[in-house]
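Student: Just so you know, the protein sequences line up as chains B and D, in that order.
For the first sequence, the positions run 1 to 190 when this note's numbering is used.
For the second sequence, the positions run 1 to 209 when this note's numbering is used.
Derived from the structure by calculation, the hints contain no laboratory data.
No experiment lies behind these values; they were computed from the predicted model shown.
Treat the hints loosely; a few may be bogus.
Unchecked claim - Using 20 Å as the maximum straight-line C-alpha spacing, the simulated SDA-like pairs for lysine to any residue come out as follows:
1. K127/B x M110/D
2. K143/B x R81/B
3. K134/B x K172/D
4. K119/B x K172/D
5. K134/B x S79/D
6. K143/B x M110/D
7. K172/D x A186/B
8. K127/B x Y96/D
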Amino acid sequence: SRFPALCVLADSREVCSGPEVISCLRAEHGLRVQVCALGTSDYIVSTCLAVDRLLQSELQSPSNRNKLSQRLQRLQGSFQRICVIVETDRVRPGETSRFFQRTQHYDGMLSALVQAGIKILFSSCQKETAALLKDLALVEHRKGAAIQVPTEPEGHRRDILNFCLSIPNLSYSAALNLCHSFGSLAAMAN
Amino acid sequence: PVTAASIVVPYGHVIGNEKWRGSEVAQRLQGKVRLIFEDGLGLVDFHLSNGTCILLISEADLVAGDEFKRRLVRFRNASSLRGIVIVEKTPISDQYYLGVQKLVVLELGMVLLPVANQGEASQLIIQLVSFCVREQSRDRGANPFLRKQRAQLAEPAVLQTVQQIPGVGKTKALLLLQQFGSIHRLCNASINELEEVVGQTAAQQIYTF
Numbered sequence: 001s002r003f004p005a006l007c008v009l010a011d012s013r014e015v016c017s018g019p020e021v022i023s024c025l026r027a028e029h030g031l032r033v034q035v036c037a038l039g040t041s042d043y044i045v046s047t048c049l050a051v052d053r054l055l056q057s058e059l060q061s062p063s064n065r066n067k068l069s070q071r072l073q074r075l076q077g078s079f080q081r082i083c084v085i086v087e088t089d090r091v092r093p094g095e096t097s098r099f100f101q102r103t104q105h106y107d108g109m110l111s112a113l114v115q116a117g118i119k120i121l122f123s124s125c126q127k128e129t130a131a132l133l134k135d136l137a138l139v140e141h142r143k144g145a146a147i148q149v150p151t152e153p154e155g156h157r158r159d160i161l162n163f164c165l166s167i168p169n170l171s172y173s174a175a176l177n178l179c180h181s182f183g184s185l186a187a188m189a190n
Numbered sequence: 001p002v003t004a005a006s007i008v009v010p011y012g013h014v015i016g017n018e019k020w021r022g023s024e025v026a027q028r029l030q031g032k033v034r035l036i037f038e039d040g041l042g043l044v045d046f047h048l049s050n051g052t053c054i055l056l057i058s059e060a061d062l063v064a065g066d067e068f069k070r071r072l073v074r075f076r077n078a079s080s081l082r083g084i085v086i087v088e089k090t091p092i093s094d095q096y097y098l099g100v101q102k103l104v105v106l107e108l109g110m111v112l113l114p115v116a117n118q119g120e121a122s123q124l125i126i127q128l129v130s131f132c133v134r135e136q137s138r139d140r141g142a143n144p145f146l147r148k149q150r151a152q153l154a155e156p157a158v159l160q161t162v163q164q165i166p167g168v169g170k171t172k173a174l175l176l177l178q179q180f181g182s183i184h185r186l187c188n189a190s191i192n193e194l195e196e197v198v199g200q201t202a203a204q205q206i207y208t209f
């Protein structure tokens with residue numbers, strides 16, 4: 001509640017895969033979380049920063065490599081800064097905690113992320129992930145990149161937002177900014 | 001001496017701080033990478049090939065207090081090298097991890113990677129070195145996360161975008177683009193020009209949009 005201006009966009013899939021992250025952001029940290037169909041990333045924390053939440057097992061398994069690289073490459077097309085939060089897998093009830101065997105593949109993936117200039121954070125649960133997202137939002141706010149436009153445009157602005165969203169390599173947050181800065185398409189084009 | 005200067009690392013080599021000679025990390029690195037020991041590396045533990053270096057924080061450092069934090073801040077202020085901090089995250093030092101992560105990644109803007117022990121640290125360093133070498137040899141395609149610049153056809157994208165205008169489907173979008181050529185010209189078209197291509201209602205809709 002100390003930072004009423006802080007706003008985070010969450011992808012609609014996160015409602016299922018990370019419900020605790022979203023509710024923690026709202027209830028504990030007092031952030032405004034807007035759920036929308038981002039498609040490209042799990043969270044958008046500012047106009048420049050996109051965050052993807054990865055489970056440790058996803059980074060560990062070689063079969064995920066292609067999917068992950070495509071996803072992050074696409075993100076790099078539309079965001080200046082990218083961060084991944086590597087979250088420890090949840091131990092389901094009845095399951096004894098599995099011993100994490102660090103593989104060469106896992107180290108290789110981390111090295112590749114580092115070399116590509118992608119920020120990496122580690123979290124042990126959804127609650128910690130929420131706290132990290134809040135910290136990231138604060139840092140971005142200090143840099144002056146916070147999302148400050150209304151995130152739910154209506155009527156005509158909604159149409160303009162959809163128009164902007166279809167432009168390749170334009171992020172959701174950039175499209176939001178565009179649709180709020182210009183009243184009409186003609187104004188934007190000129 | 002608080003040195004964190006850049007030094008020339010021979011291609012494909014790693015230069016290690018003298019203090020690690022004989023340690024578990026060093027023993028496991030030997031044979032896998034070409035490791036040379038040098039005195040007077042100051043704050044840095046290992047220099048990798050291309051302006052990247054490693055600072056190793058042990059479990060004991062974490063538990064002992066804030067000395068390692070001063071070391072990291074001094075490094076950050078003194079050096080323009082890319083610093084990768086590897087920290088020993090064990091059941092004992094786990095409780096400090098979040099605080100360290102906040103300092104290193106969010107405040108200092110450096111890279112932080114946790115390992116469970118010195119053995120894992122050496123495995124990780126080997127992977128980091130191999131990526132450094134590959135990057136130097138300009139084999140950039142090897143990195144799955146580096147974006148390859150590829151020419152993208154604009155036409156299908158423009159067609160998609162034009163279809164977002166209310167009242168415009170695929171057919172009208174094609175007609176409009178044939179007539180006006182670009183989104184910029186389409187936006188500045190008069191209502192009469194639009195009417196020549198699409199009907200009166202659609203022209204009105206496009207014009208007000």
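Student: Compare the structure with each hint and give your call.
Tutor: To see whether the hints hold, each was checked on the structure:
no., hint, verdict
1, K127/B x M110/D, "violated (23 Å)"
2, K143/B x R81/B, "holds (12 Å)"
3, K134/B x K172/D, "violated (45 Å)"
4, K119/B x K172/D, "violated (44 Å)"
5, K134/B x S79/D, "violated (29 Å)"
6, K143/B x M110/D, "holds (17 Å)"
7, K172/D x A186/B, "holds (19 Å)"
8, K127/B x Y96/D, "holds (17 Å)"
The structure is inconsistent with the numbered hints 1, 3, 4, 5, although it conforms to all the rest.
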